[in-house]
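Protein chains: 2
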Amino acid sequence: MDLDRSPLALPFPAIPAIGGVTLRVARARYKEWDRCDLTYAELAEGTTVAGVFTKNVCCSSEVELGREQVLLGRARALIVNAGNSNAFTGYRGREAVEQIMAQVAHHLGCEPSEVFVSSTGVIGVPLPKDKAREGVATALAAPPCSWQEAAVTIGTTDTFPKGAVATAVVQGRTVTIAGIIKGSGMIAPDMATMLGYVFTDAAVDPAFLQQCLSASNESTFSCITVDSDTSTSDTVLAFATGKAGNAPLGSFDDPGADAFAAALHDVCRQLALLVVRDGEGAQKLIEVRVSGAVSDDSARRIGLAIANSPLVKTAIAGEDANWGRVVMAVGKAGEPADRDKLSIGFGGTWAAREGLPLVDYDEAPVAAHLKGREIDIEVDLGLGDGRATVWTCDLTHGYIAINADYRS
Amino acid sequence: MDLDRSPLALPFPAIPAIGGVTLRVARARYKEWDRCDLTYAELAEGTTVAGVFTKNVCCSSEVELGREQVLLGRARALIVNAGNSNAFTGYRGREAVEQIMAQVAHHLGCEPSEVFVSSTGVIGVPLPKDKAREGVATALAAPPCSWQEAAVTIGTTDTFPKGAVATAVVQGRTVTIAGIIKGSGMIAPDMATMLGYVFTDAAVDPAFLQQCLSASNESTFSCITVDSDTSTSDTVLAFATGKAGNAPLGSFDDPGADAFAAALHDVCRQLALLVVRDGEGAQKLIEVRVSGAVSDDSARRIGLAIANSPLVKTAIAGEDANWGRVVMAVGKAGEPADRDKLSIGFGGTWAAREGLPLVDYDEAPVAAHLKGREIDIEVDLGLGDGRATVWTCDLTHGYIAINADYRS
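Protein chains in written order, with my numbering: chain A, 14 to 421; chain B, 14 to 421.
Misleading hints may appear alongside valid ones.
Copies of one chain are not kept apart here, so a pair can be met inside one copy or by any two copies together.
Claimed, not checked - Each computed BS3-like pair below joins lysine-lysine, with the alpha-carbon atoms no more than 30 Å apart:
1) Lys68 / Lys354
2) Lys44 / Lys384
3) Lys384 / Lys144
4) Lys142 / Lys68
If you are wondering where the hints come from, they were derived from the structure by calculation, not from laboratory data.
Kindly generate the complete structure, drawing on both the sequences and the hints.
Next up, the structure:
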């Protein structure tokens with residue numbers, strides 16, 4: 014099926030080349046697609062790597078292997094297959110991944126453990142080894158491509174390519190951090206959402222890179238949801254080639270480490286929000302800000318209960334200021350809440366304060382706000398200092414059309 | 014909006030009169046409805062009561078009061094308001110409930126604590142006291158009505174009235190247990206789902222009635238979900254008038270107690286399934302049977318993860334045997350599961366056994382099964398003896414239309 018471009022799409026940003034990163038794409042023909050579906054990123058010798066992965070216990074071989082590879086901290090290549098997730102395919106799926114790792118390692122003269130593989134698409138169909146072998150061979154020999162071409166190639170039901178870039182000054186040198194990501198459905202928190210890849214020319218020790226990535230993940234990828242469904246293949250990898258020439262960052266005590274971590278966080282946040290902007294069927298981007306909870310973690314859980322509520326999401330789709338559904342979602346979250354201290358607002362206007370609907374509540378500014386593309390829901394629990402922000406999209410006929418009207 | 018009758022609707026059963034129960038309905042005009050919206054059940058002196066209520070912490074005054082009243086174990090009346098849930102309305106909402114309790118108690122010459130009140134409808138609008146007062150006065154003077162009329166009157170977005178009946182022989186006497194229920198959206202487990210009322214002429218001590226009701230709730234109302242959203246008003250009450258003349262049942266040691274508990278369970282199960290059959294937008298009834306889990310509780314959580322997955326529910330709506338989505342839902346449930354021991358089937362046909370898609374999997378019988386109205390999903394974890402069955406419906410354009418296309 015052809016999907017219309019999301020009305021929340023953003024133009025692909027201008028991303029400069031990153032020293033030590035070369036991108037190539039090819040056609041492995043995993044599906045009947047008239048497009049490239051295999052992405053290859055060649056990484057300079059000495060590149061360090063960090064990663065966060067799905068917590069789904071039925072994860073793919075790619076995720077199982079990736080978790081082990083990340084512990085070694087070194088990367089020379091990334092292969093991304095689109096159109097087949099290779100999840101729940103047992104030993105046959107694992108053999109296909111190991112074949113790709115061996116093939117690329119042989120080409121580069123590196124260890125197979127330095128070759129990272131991700132796959133995305135249908136669950137339960139072993140990745141065909143012959144198509145993978147030919148596709149990888151083609152990619153290894155292909156001319157370099159742009160960031161945007163790579164971002165298009167890793168996508169599946171995505172309606173626009175997604176990229177982000179930020180810079181930081183580290184020890185007097187400007188380092189660049191660029192990322193691409195794919196994802197639209199089967200998006201839920203409590204994991205590293207979907208397939209995302211961040212590349213930087215900074216030199217960063219793998220343990221510190223992992224520390225920065227894990228911390229950013231907590232408030233970016235783990236704070237978005239499209240449909241509460243946690244994928245079996247979600248992966249975010251960060252690669253640092255070291256080509257900017259700074260002294261390797263090993264801890265927050267090192268000069269420039271704060272700036273680097275902030276820029277990495279910025280890229281992660283941009284990428285996470287791009288996924289929500291391309292949520293299946295999305296017409297509106299919803300930001301849920303929770304304050305006054307007993308802890309930040311409690312605030313996040315309450316925010317996600319709101320963001321995952323089908324009734325809240327359909328109310329926003331209907332431009333309906335149905336704040337009673339927000340009350341319901343707060344109450345079902347399983348977190349401390351006191352009905353009589355709860356306040357709820359939309360777009361800066363309170364509809365209810367401290368457990369009571371406002372007598373002089375003027376729905377006009379709220380109605381105007383809800384007609385827009387970017388919706389703010391504010392919830393104050395009135396209990397403590399815990400706060401969190403989570404993002405989701407509305408639930409529309411488009412989601413049903415994508416997931417029910419067409420056979421997989 | 015006018016909703017079409019659910020294709021999964023069942024005819025209203027023939028329910029006999031229950032000694033000690035008189036039903037009446039009236040128009041309180043809480044909404045612009047051309048129908049009765051206030052139900053009154055008068056209960057004989059000596060009636061005992063038990064109840065289970067929503068675990069939503071933002072619950073209504075009706076639920077707060079009902080929890081306290083049930084502890085006293087005695088009931089003389091039930092009032093159900095349809096069209097306004099009176100939830101999140103603070104002291105003003107509570108005053109309206111207390112007014113109704115006082116008005117009915119004065120009429121019957123009983124304690125206000127013996128008058129149970131439920132309300133269902135929009136959240137955040139205080140129940141108008143004047144309409145309630147007039148409606149109750151009309152109901153108190155109204156002629157008796159049928160079970161079906163009462164079942165229609167407690168409904169809101171329900172597309173058909175829901176009732177169930179069973180009998181048991183207790184100490185040589187036949188006792189009857191009848192129930193009515195309403196519910197269609199904002200239906201999720203971990204509580205007593207929606208508004209349901211069970212009446213029996215058996216004589217039952219309130220503590221034992223509570224024990225039987227709570228036990229039945231665990232595997233009936235708490236095992237259904239329409240949209241994962243837990244309402245603020247959910248209530249199931251059981252009333253025992255004692256008019257059958259048996260010696261009061263006080264424990265499972267009493268003759269006939271087992272038969273009574275089994276019949277009560279039967280009625281609860283029938284009522285719970287009727288709610289799913291009227292799930293908003295439902296086109297198919299889905300039964301998820303989980304076996305081989307490490308415990309029954311773990312099996313139930315896994316079943317609910319499947320039943321609440323938008324991607325599983327839309328796949329069933331699309332008659333798509335997309336068992337990979339079931340794998341995903343098992344994996345995200347947060348319960349012990351081993352991908353390589355997992356088996357998944359539809360309608361008696363295994364699609365995957367022990368972590369691998371079946372090589373000779375014949376999709377034809379599965380495709381035929383999925384075209385039907387009643388869909389079975391079977392999951393075997395291969396880990397232990399834990400098992401559970403949960404029920405849900407598919408997720409269709411109808412759900413979006415009901416909840417997004419029309420302003421509340």
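Now the hints, each set against the structure:
In the homo-oligomer, the alpha carbons of Lys68 and Lys354 lie at most 30 Å apart only across protomers (18 Å), although the nearest pairing inside one protomer, at 34 Å, exceeds that limit. With identical chains, the CA atoms of Lys44 and Lys384 are at most 30 Å apart between copies only, with a shortest distance of 26 Å across copies and 38 Å within one. For the homomeric pair Lys384 and Lys144, neither the shortest alpha-carbon distance inside one copy (47 Å) nor that between copies (34 Å) is at most 30 Å. In this assembly of identical chains, Lys142 and Lys68 lie within 30 Å of each other by CA distance solely inside one copy; the values are 27 Å within and 51 Å between copies.
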